[in-house]
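Asker: Protein chains in written order, with my numbering: chain A, 1 to 405; chain B, 1 to 405; chain C, 1 to 405; chain D, 1 to 405.
Keep in mind the hints are simulated off the structure, nothing from the lab.
In this text, a Cβ means the ideal position worked out from N, Cα and C, and glycines have one as well.
Please note that the accuracy of each hint is not assured.
As the list claims (entries may be wrong) - Derived pair list, reagent style DMTMM-like, types lysine to aspartate or glutamate, alpha-carbon separation capped at 20 Å:
(1) D:348 <-> C:205
(2) C:399 <-> D:107
(3) A:348 <-> B:111
(4) B:360 <-> A:202
(5) B:399 <-> A:202
(6) C:348 <-> D:219
(7) C:360 <-> D:363
(8) C:399 <-> A:363
(9) B:399 <-> D:219
(10) A:360 <-> B:198
(11) A:399 <-> B:111
(12) C:158 <-> D:380
(13) A:348 <-> B:205
(14) B:360 <-> A:201
(15) B:399 <-> A:328
(16) C:399 <-> A:335
(17) D:360 <-> B:403
(18) B:399 <-> A:335
(19) D:399 <-> C:328
(20) D:399 <-> C:111
(21) A:399 <-> B:328
(22) C:399 <-> A:215
(23) C:399 <-> D:202
(24) B:348 <-> A:202
(25) A:399 <-> B:335
(26) D:348 <-> D:219
(27) B:348 <-> A:215
(28) D:360 <-> C:201
(29) C:399 <-> A:229
(30) B:348 <-> A:198
(31) C:348 <-> D:201
(32) D:360 <-> C:197
(33) C:22 <-> C:205
(34) C:360 <-> D:202
(35) A:399 <-> C:335
To be verified - Computed list of chain C residues with no C-beta within reach of chain A, every gap over 12 Å:
(36) 69
(37) 194
(38) 198
Protein chains: 4
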Amino acid sequence: MGDVKKVVLAYSGGLDTSVILKWLQEAYGCEVVTFTADLGQGEELEPARRKAEMLGIKPENIYIEDLREDFVRDYVFPMFRANALYEGLYLLGTSIARPLISRRQIEIARETGADAVAHGATGKGNDQVRFELAYYALNPDIRVIAPWREWDLNSRTKLIDFAEKHQIPIAKDKRGEAPFSVDANLLHISAEGKVLEDPWEEPQEYVYSRSVSPEEAPDQPTYIEIEFETGDPVAIDGQRLSPAALLTELNRLGGANGIGRLDLVENRFVGMKSRGVYETPGGTVLLAAHRGIEQLTLDRGAAHLKDEVMPRYAELIYNGFWYSPEREMLQALIDRSQEHVNGTVRLKLYKGSATVVGRKSPDSLYSLAHVTFEEDAVYDQRDAEGFIKLNALRLRLLKRGQEHG
Amino acid sequence: MGDVKKVVLAYSGGLDTSVILKWLQEAYGCEVVTFTADLGQGEELEPARRKAEMLGIKPENIYIEDLREDFVRDYVFPMFRANALYEGLYLLGTSIARPLISRRQIEIARETGADAVAHGATGKGNDQVRFELAYYALNPDIRVIAPWREWDLNSRTKLIDFAEKHQIPIAKDKRGEAPFSVDANLLHISAEGKVLEDPWEEPQEYVYSRSVSPEEAPDQPTYIEIEFETGDPVAIDGQRLSPAALLTELNRLGGANGIGRLDLVENRFVGMKSRGVYETPGGTVLLAAHRGIEQLTLDRGAAHLKDEVMPRYAELIYNGFWYSPEREMLQALIDRSQEHVNGTVRLKLYKGSATVVGRKSPDSLYSLAHVTFEEDAVYDQRDAEGFIKLNALRLRLLKRGQEHG
Amino acid sequence: MGDVKKVVLAYSGGLDTSVILKWLQEAYGCEVVTFTADLGQGEELEPARRKAEMLGIKPENIYIEDLREDFVRDYVFPMFRANALYEGLYLLGTSIARPLISRRQIEIARETGADAVAHGATGKGNDQVRFELAYYALNPDIRVIAPWREWDLNSRTKLIDFAEKHQIPIAKDKRGEAPFSVDANLLHISAEGKVLEDPWEEPQEYVYSRSVSPEEAPDQPTYIEIEFETGDPVAIDGQRLSPAALLTELNRLGGANGIGRLDLVENRFVGMKSRGVYETPGGTVLLAAHRGIEQLTLDRGAAHLKDEVMPRYAELIYNGFWYSPEREMLQALIDRSQEHVNGTVRLKLYKGSATVVGRKSPDSLYSLAHVTFEEDAVYDQRDAEGFIKLNALRLRLLKRGQEHG
Amino acid sequence: MGDVKKVVLAYSGGLDTSVILKWLQEAYGCEVVTFTADLGQGEELEPARRKAEMLGIKPENIYIEDLREDFVRDYVFPMFRANALYEGLYLLGTSIARPLISRRQIEIARETGADAVAHGATGKGNDQVRFELAYYALNPDIRVIAPWREWDLNSRTKLIDFAEKHQIPIAKDKRGEAPFSVDANLLHISAEGKVLEDPWEEPQEYVYSRSVSPEEAPDQPTYIEIEFETGDPVAIDGQRLSPAALLTELNRLGGANGIGRLDLVENRFVGMKSRGVYETPGGTVLLAAHRGIEQLTLDRGAAHLKDEVMPRYAELIYNGFWYSPEREMLQALIDRSQEHVNGTVRLKLYKGSATVVGRKSPDSLYSLAHVTFEEDAVYDQRDAEGFIKLNALRLRLLKRGQEHG
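Construct all of the structure, not just a fragment, from the sequences and the given hints.
Answerer: As structure tokens, then:
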């Protein structure tokens with residue numbers, strides 16, 4: 001298995017990564033550094049510390065960090081500037097969290113002199129790719145350990161056996177197979193696998209945990225106003241909030257109104273289709289609002305160019321290429337467009353829908369003088385004739401060429 | 001004004017195009033052929049015939065046609081194969097109707113020996129461009145008359161005066177200014193202008209006519225199944241329907257559930273921003289369903305390529321370039337992808353949302369064998385290591401180059 | 001090594017693939033079918049037959065085919081319709097040959113009941129990817145054997161030892177290391193490795209074999225005319241030629257004039273940069289000529305759309321995705337544009353350059369009446385004012401918004 | 001004609017703009033400010049001053065400026081970072097000069113309190129669009145005068161008559177029609193019209209003025225080395241040069257070797273095709289060199305993204321949208337990629353060709369260790385199997401779906 005001295009493990013404190021922790025110690029005979037991050041998944045972190053200690057990790061090797069503000073400010077918001085949607089629908093909630101976790105693992109490896117990093121993603125999914133591309137991009141010489149691709153604990157029974165053998169505590173509800181697997185952070189919560197595997201079957205209500213169903217949402221709409229500065233949201237209903245606090249509040253508002261559920265069959269980077277069920281209440285509201293403020297403040301040329309590169313940008317993030325030159329180049333393009341994306345959007349939240357019903361901006365490019373049907377000084381309707389004629393010229397020459405050719 | 005002998009006018013039977021009809025006779029001293037098409041706007045056509053006769057049009061010069069099936073089959077469905085959205089949100093309901101009207105006008109001009117065509121679009125909007133680009137593309141030598149850009153009837157008062165002077169009947173509710181202007185066909189109904197001009201103000205309920213508000217929609221969801229063949233919908237809940245009948249039924253279902261409303265500030269081709277309010281109940285359901293069946297049946301490479309060219313394709317339609325080589329080239333690309341887009345999608349319609357909750361297909365590319373977490377024969381998890389390592393190679397070399405460079 | 005019964009080997013008759021042949025028999029204990037294709041590489045095929053027989057291949061298992069016409073007609077010409085260049089410069093001479101060889105291997109496997117295919121490409125290059133992606137795309141259940149990735153004959157010495165041990169004849173000049181490795185077909189000949197590995201060193205003259213150096217080319221230019229029909233060349237100087245005959249003649253003409261040499265550092269799909277030296281005399285002439293005839297016959301919208309998708313199309317071919325839906329979709333787009341690409345191009349060939357100096361076409365869209373500086377009836381210069389004003393409108397509104405905002 | 005008080009005219013000192021100068025004074029009764037810029041067109045500027053004075057322009061209204069460094073540094077070099085080619089071939093020599101002239105005109109208008117600007121471009125070409133889009137983008141309220149679209153001096157005879165009537169000196173060779181029209185600056189010289197209007201006829205040698213013909217170029221190649229820093233050339237053969245001095249030297253070297261001639265039929269923005277003959281000796285060398293250094297220093301993802309957006313970027317410049325948000329966004333993307341584009345390229349210049357024959361860089365991403373055929377530690381050939389298998393997975397599932405579907 002090679003000579004690994006110290007490995008930084010992305011550690012959740014759950015059963016799987018606890019098994020990995022123990023397996024790393026055994027299989028590699030190496031020191032393990034655990035890294036547990038609060039990205040808003042909604043779990044206490046201190047139990048992870050106690051569990052790590054219990055599994056023999058030295059206190060100085062236990063890293064527990066609240067990264068919620070970093071996550072939203074440096075990853076979520078830049079991505080939302082692009083109105084990124086993977087395959088037209090998916091808000092990339094899992095994808096966007098991986099680069100931050102990876103970056104911290106690599107930084108901690110440097111700080112602790114570790115020569116390897118490890119993660120708990122399986123060999124069939126996208127997350128292994130996202131983790132590892134980020135690791136390699138940030139430290140080309142790092143050693144990467146992906147236990148799920150290496151070990152033989154490839155069934156629930158073997159995993160439980162290993163845990164019992166090594167005195168790893170097993171929560172009662174973890175003994176059997178979970179009915180589906182979950183990933184959560186401040187942007188979204190996802191569910192996939194097992195009971196969700198038949199794409200013809202509607203997901204049952206118990207799959208959802210961050211939103212009420214539209215049917216259970218209030219019968220009265222909720223109106224909110226979101227304020228933007230240079231493309232990022234900064235306030236809700238006049239109250240300035242930090243990035244993480246703002247997204248938390250949008251999650252609350254969206255979730256209470258049944259907003260942000262998505263049942264999707266998507267194409268994984270590793271080549272297969274999979275079915276995922278996502279809840280992204282705050283993100284769904286934010287996307288609608290951001291498009292709303294851009295409608296008023298973004299020039300057409302800028303807006304259309306953004307729309308054209310967006311699928312590529314989203315694909316890069318989905319595939320794990322956050323730390324690639326091409327993602328950074330597209331980000332430079334996108335950020336360049338957001339300078340004047342300032343103003344306020346009013347939204348109506350109601351039983352599953354987030355609808356923009358108003359927008360205003362000091363940088364508005366909407367000109368009532370130009371758009372009114374009245375005669376006016378700013379726009380000479382006769383200009384349209386020349387505009388159309390020259391736009392049509394090539395088409396006319398083409399038709400003539402084809403007729404006489 | 002030049003020597004026009006006969007002009008084919010796109011004639012709705014309403015006040016504005018009746019004034020145009022009379023004005024053409026006067027200003028150009030020419031014979032007028034009226035063309036009135038049923039594209040599903042929901043109005044009787046026979047009154048238009050009577051009105052044209054009353055205004056002195058010879059019976060053989062009155063063309064009244066039901067083009068609903070042509071419209072949906074040859075324009076709407078091809079466009080939906082592309083999942084086309086202009087500026088991320090607009091389903092192009094007005095844009096897609098213009099090419100068909102234009103084509104018939106040019107054909108009727110050929111049949112009747114007319115040397116000109118005329119339309120009732122104003123000099124500030126997109127429709128003049130769409131009509132005229134289509135005219136010129138189909139007949140490069142046609143004479144185009146756009147009365148709104150030529151005459152001096154540029155206020156409501158002057159228009160009414162002209163109508164009265166020429167015994168053009170004026171409906172009572174047309175005397176005053178309309179609170180907004182409307183365009184309708186089987187795909188959508190749009191409203192813009194006047195009371196809608198302030199983008200900060202929420203449109204009032206009376207603006208909408210094709211859908212109930214989400215609040216007024218039933219408290220129980222409606223479930224439907226849509227069947228697709230080679231990318232086009234062919235049946236609802238097992239009942240095969242013609243294209244127009246199918247879209248009509250989707251409008252009914254969507255409208256009854258408050259689906260398809262859009263309040264948008266968009267960028268016109270002529271360079272200004274405008275605010276439009278759209279209702280596209282059936283189209284909104286159809287887009288969701290089409291994406292649903294593509295999720296299951298479209299290869300990733302095909303799907304992503306489609307997504308990347310979509311904004312360009314939508315822009316071409318919005319700008320009026322339906323009859324351009326580049327639109328046709330993109331259509332060839334899109335149609336090539338739809339060969340296996342067959343199957344059934346189940347949707348939940350509820351208070352403004354159309355949600356895909358199931359999809360199945362004989363051509364499904366979703367492989368449960370590949371996606372399951374169990375150990376399996378079809379997918380060797382160790383392949384992922386090589387996949388990741390070679391995808392990472394350039395990033396590692398880059399990082400090294402930058403570190404040592 | 002698994003249970004392979006019969007394997008179809010892409011067999012050149014050279015030392016490497018002869019060693020592979022023997023190794024397959026030994027390592028897999030399986031029957032070997034050899035497939036040797038004439039793609040215009042300029043070598044006799046009959047020696048390959050004799051060698052295969054000598055190595056124990058049954059006569060009915062020896063496939064030798066002249067595929068030059070298939071190659072040029074079905075692969076080279078379609079690619080040239082796109083003006084494909086990888087990384088701005090490379091005419092994809094090697095890339096485009098692999099899909100045809102792979103297709104025939106899969107077909108022969110079906111005919112002979114073979115359950116596997118094998119190729120002689122190494123584990124670091126693009127060709128392994130191209131071969132295998134094509135194999136899998138055409139037969140998802142085929143077994144693929146890539147000896148260079150499996151065996152331990154990973155040095156010249158071991159390879160020669162194996163050959164000697166198995167009585168494989170070794171040409172004298174194959175004993176030592178070749179100074180560079182070569183791939184050839186009717187489109188190009190490439191050289192890479194060893195003496196070419198330092199990208200700062202100019203390739204020496206002996207590397208080139210299909211063209212004279214520009215310095216040695218004639219001091220007088222050669223003028224030729226190439227005729228096109230629907231985007232493909234069909235005649236040179238008035239003489240109709242089959243696709244392969246035409247490309248052969250262009251190679252002769254281009255090579256004699258020092259045309260088509262390229263010294264390139266390129267990005268491989270497997271993640272590293274490599275240096276290649278290419279000779280593509282006929283292809284270089286053909287690209288210039290095709291662009292020349294498109295200049296006259298292709299509409300601007302079509303031409304620009306083609307240019308925008310070309311890099312993606314070229315990348316797909318380079319990476320081995322010829323048999324992918326997205327390549328086929330792009331091909332449909334490209335082919336749709338070529339309907340009227342008819343006419344004749346005159347070129348000057350001189351000491352390394354192929355220059356278009358004239359083009360004419362019955363489908364020309366070039367209109368002298370429109371382009372002349374004289375006053376004319378077909379173009380009203382005043383139209384330009386409206387055209388410019390409406391194109392400028394959004395930029396003016398933007399500037400105003402930024403100034404007052 | 002409206003009330004213009006003061007107009008800034010782009011004044012060359014030639015006959016046409018002298019006539020315009022006089023016509024502006026007459027037709028508009030306004031004060032004229034002349035702006036004459038040295039962009040490297042190769043003409044003395046002082047005669048323009050004297051001529052302006054003679055035509056009654058006040059000394060303080062005569063602006064004569066050497067903008068060569070600004071031109072190359074702020075316009076030419078940024079464009080070359082993109083490897084921009086319009087329609088695959090044209091280096092945009094005229095297009096890139098217009099934004100600088102326009103910007104200075106607008107600045108001078110502000111300084112002098114002028115309310116209008118004027119240019120001498122005709123109503124059929126691209127330059128009117130480029131000038132005016134730039135004017136409007138930089139000052140949305142500026143009044144634009146385009147005499148060629150307004151006056152009736154639309155034949156040579158009328159123009160000469162006007163000149164004689166107003167005592168405008170006429171050079172002998174300007175009395176008759178010029179055999180073609182010319183535009184020149186430090187990047188290129190173009191010729192079009194009259195004797196060049198038949199695209200089947202080869203341009204005669206006298207059309208060219210900045211390069212010898214390849215036939216007349218030296219029989220020995222010239223080797224040069226160009227050094228780059230962050231994407232821009234900074235030295236030739238070890239000698240650091242200012243941007244303008246460097247391009248001047250490249251023009252000398254390229255022109256002496258017959259490099260940079262282009263005979264093109266192109267698509268104008270105003271909708272027609274036209275034929276142009278261009279000489280861009282230094283630019284042609286520079287493009288080859290820049291691609292050469294990028295080959296070594298640019299990551300594949302960055303390089304391919306650049307190639308994909310390039311046609312759009314070139315189109316924007318050709319069409320006159322230099323001062324548009326979308327051009328600036330693309331520039332941000334491109335510039336972001338050039339940080340490590342450092343190093344030296346060696347080129348061979350010979351009878352019309354500029355060929356890269358060597359490149360080296362401290363930031364090279366080319367790794368001999370990775371590319372060598374030998375067994376090595378840095379690259380595990382077995383990784384390729386996984387890489388290929390996962391890239392193939394979707395294609396296999398697709399084929400299976402189609403076979404069993």
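Asker: The structure should be examined with respect to each hint, and the outcome stated for every one.
Answerer: Here's how the hints hold up against the structure:
no. : hint            : in the structure
1   : D:348 <-> C:205 : 14 Å, holds
2   : C:399 <-> D:107 : 15 Å, holds
3   : A:348 <-> B:111 : 52 Å, violated
4   : B:360 <-> A:202 : 12 Å, holds
5   : B:399 <-> A:202 : 45 Å, violated
6   : C:348 <-> D:219 : 18 Å, holds
7   : C:360 <-> D:363 : 47 Å, violated
8   : C:399 <-> A:363 : 10 Å, holds
9   : B:399 <-> D:219 : 44 Å, violated
10  : A:360 <-> B:198 : 9 Å, holds
11  : A:399 <-> B:111 : 19 Å, holds
12  : C:158 <-> D:380 : 19 Å, holds
13  : A:348 <-> B:205 : 14 Å, holds
14  : B:360 <-> A:201 : 9 Å, holds
15  : B:399 <-> A:328 : 14 Å, holds
16  : C:399 <-> A:335 : 19 Å, holds
17  : D:360 <-> B:403 : 17 Å, holds
18  : B:399 <-> A:335 : 24 Å, violated
19  : D:399 <-> C:328 : 14 Å, holds
20  : D:399 <-> C:111 : 19 Å, holds
21  : A:399 <-> B:328 : 14 Å, holds
22  : C:399 <-> A:215 : 47 Å, violated
23  : C:399 <-> D:202 : 45 Å, violated
24  : B:348 <-> A:202 : 10 Å, holds
25  : A:399 <-> B:335 : 24 Å, violated
26  : D:348 <-> D:219 : 12 Å, holds
27  : B:348 <-> A:215 : 12 Å, holds
28  : D:360 <-> C:201 : 9 Å, holds
29  : C:399 <-> A:229 : 19 Å, holds
30  : B:348 <-> A:198 : 17 Å, holds
31  : C:348 <-> D:201 : 12 Å, holds
32  : D:360 <-> C:197 : 12 Å, holds
33  : C:22 <-> C:205  : 36 Å, violated
34  : C:360 <-> D:202 : 12 Å, holds
35  : A:399 <-> C:335 : 19 Å, holds
36  : 69              : 29 Å, holds
37  : 194             : 27 Å, holds
38  : 198             : 23 Å, holds
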